[in-house]
Each structure stands twice: as structure tokens, then as C-alpha cells.
Amino acid sequence: MKFVSKILLVALAIGICAGFSGCTKNTDSTNIQLENDEEGKILITVKDKSSQKPVSDANVIIVGMDDYFKTNDKGQSPEISLKINKDLYKKYGDTLYKKAPSGSATVIVSKDGYKDYILFNKPVYAGYSANNVNIQMSKSTDKDKGKYTIDVQYPHDLWVKELVAHCKEINGENAGNGEYKIGVGVKDANSKSLEGAFVTIPELGIKTKTDKSGKAVLKPGIIGNMADEYPVKKDLNEYTVVIYKDGYVPSVVFSVSAGKNSDGKVDIKLKGSKDPANENCSVTYQPFDSEWISKVISAVKESYKE
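Quick note: to get this note's numbering, add 61 to the position in the sequence shown (first position is 1).
Derived lysine-lysine pairs resembling DSS-like cross-links, with alpha carbons at most 30 Å apart: (1) LYS276 with LYS332; (2) LYS321 with LYS294; (3) LYS206 with LYS294; (4) LYS151 with LYS229; (5) LYS151 with LYS270; (6) LYS204 with LYS362; (7) LYS270 with LYS242; (8) LYS208 with LYS108; (9) LYS131 with LYS204; (10) LYS335 with LYS253; (11) LYS295 with LYS159; (12) LYS102 with LYS135; (13) LYS248 with LYS273; (14) LYS131 with LYS114.
Ranges of calculated distance between the beta carbons of each label pair, as one might list FRET restraints: (15) THR106 with SER323: 31 to 41 Å; (16) SER112 with LYS160: 34 to 44 Å; (17) THR345 with LYS200: 25 to 35 Å; (18) LYS151 with ASP173: 30 to 40 Å; (19) GLN113 with SER355: 26 to 36 Å.
These are computed hints drawn from the structure, not numbers from a lab.
Glycine included, C-beta positions come from ideal geometry on N, C-alpha and C.
Put together the whole structure using the sequences plus the hints.
Next comes the structure, spelled out in C-alpha cells:
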């Protein structure tokens with residue numbers, strides 16, 4: 062049941078913590094106790110998507126922990142205590158790092174006869190009640206070999222607003238002079254090109270405006286302070302692209318990929334609003350690379366084989 066020590070818990074969390082050393086298993090309880098002042102607890106319930114019956118004896122893996130867990134006859138995992146860590150936020154700078162309202166975890170659930178299920182960025186708050194996870198697994202067939210179900214959750218709405226506010230404070234216009242390229246197209250809800258929309262990459266502090274055709278090009282370089290959460294590295298660099306314009310609801314796109322031979326691309330429609338400050342921002346993730354996800358699942362499951 063030993064886990065690869067290099068795999069870190071995917072975390073965006075409350076409080077300041079460092080590393081994952083000092084983790085120990087409490088053999089007198091079903092809980093996992095970690096030496097840390099800030100903890101969140103998580104309980105995972107697994108059901109069959111079709112029958113809605115509990116799925117017992119499913120393997121529950123939380124990336125970064127040294128043991129995996131089994132669901133009982135009610136489809137529930139043990140109550141698990143997680144050490145809080147915000148390494149994923151470091152790339153946004155100290156201010157946004159400290160304002161993160163919750164942590165998060167990546168959860169992988171597997172069982173013979175079912176598609177693997179991977180949940181990215183599940184918020185984990187200090188305490189317990191907000192952290193319940195309900196997972197519905199789909200049965201697999203021979204045609205589904207290697208397939209999985211993916212669920213990606215977003216940062217808290219309040220933190221996203223802080224991110225947009227940070228972007229608005231970036232001074233001047235500088236599209237960047239890095240070795241990569243991201244093309245951005247912005248339209249309104251009626252598919253009319255929007256001129257003068259601000260397009261930013263907050264991790265790098267670069268910012269430009271769209272032209273008359275609603276187009277802009279960003280040229281980012283490599284981001285420092287990137288969290289190394291997974292046993293398999295991604296082939297491309299990933300960026301956050303924030304787009305805003307007065308009179309419109311801002312849009313935030315996470316995980317925009319770009320590389321030397323693969324330009325990034327973002328096409329967004331901004332929704333008009335009389336009071337955008339009081340509306341939640343539009344938040345999306347660009348799709349994760351399917352081959353990379355399969356490699357991560359395989360590597361994590363392999364590390365738990367006895």
C-alpha cells in the first residue's frame with residue numbers, strides 16, 4: 062500500500078503549511094492523522110450510477126497520501142483527515158495565495174467492472190461538513206478499456222473575484238515576450254467581436270487588449286512556483302487567462318496549454334451585465350489531455366500494488 066512519495070496532495074488550502082513530511086497513520090482509528098495545525102476531513106460515498114446502489118470494496122486514493130482506503134457496504138470510505146496545503150496557489154503570488162478560502166484534493170476511485178473515476182480540485186475546508194464527496198461510478202465494458210470519468214471542480218467564487226481584481230490592478234499593457242503563444246478571441250453574447258477587452262495572464266502579470274476583430278495574442282514564458290502534484294508531468298505549460306471589459310461579466314479560463322510546437326487558443330463570449338461586480342465570474346477549464354490523465358491514473362494505481 063506504499064505510495065510514491067513524490068506525489069503531492071493537490072491543494073489550494075486554508076492556512077500556511079509546508080510539505081508532506083511527518084505524515085503518520087493512526088492504527089487505532091479509521092481516520093488518518095497528520096501532524097499539522099490545519100486539517101480538513103473528507104468522507105467519500107460511492108454509488109452505482111445506474112442502480113444508485115452503494116459500491117462496496119472500491120479503492121479510494123487521495124493523491125499525496127501514503128495509503129489507500131476501501132468503501133464499506135454503505136459505499137462509504139473512512140473519515141479521512143487531510144493536511145492543508147496551498148502550493149497550487151503559489152504561482153499567483155503571496156496575496157492571492159493567502160486569500161485562498163479552501164484547500165482541495167484530487168481523488169481517484171477504482172473498482173473492477175467500473176470505469177476509473179478521477180475528481181480534480183475537490184474543495185477541502187477546515188472542519189468536516191462541507192467536504193463530503195458523492196461519486197457515481199459507471200460500469201465498464203470491453204469497449205471502455207482505459208476510459209475513465211473525470212470531474213473538475215472550480216476555486217471558490219470569492220477567490221475568483223479576487224483573481225479578477227488582481228488582474229485589473231496590473232499596470233500598463235504588455236503582451237509578454239516569452240517563447241510561447243496564446244491566441245485569444247473575444248465576442249459578446251450575440252457573437253459580435255469585442256474590441257478593447259483586457260486579456261491577462263495573472264501568473265506572469267502580462268496584459269493586453271483585443272483589437273477591432275476581438276483578437277489578442279499573448280506571449281508567455283515559463284511560470285515559476287509551479288506545484289508538482291502528479292507522478293507524470295504534462296507535456297505543455299499551463300496558464301490562467303482572465304478576460305474582462307466594462308459592462309460585461311469577466312471570464313476566467315484555467316489550464317490553457319501552450320508549448321513550443323503547440324500554440325494555445327481561447328475563444329470566449331462575454332455576457333453583458335448592468336452590474337457585473339455583483340455577478341459571479343464565468344469560470345471554465347480547458348480540457349485536460351486525455352493521454353496524460355490515463356498515465357496519471359495508471360501510475361497512481363500501480364504505486365499501490367502490494
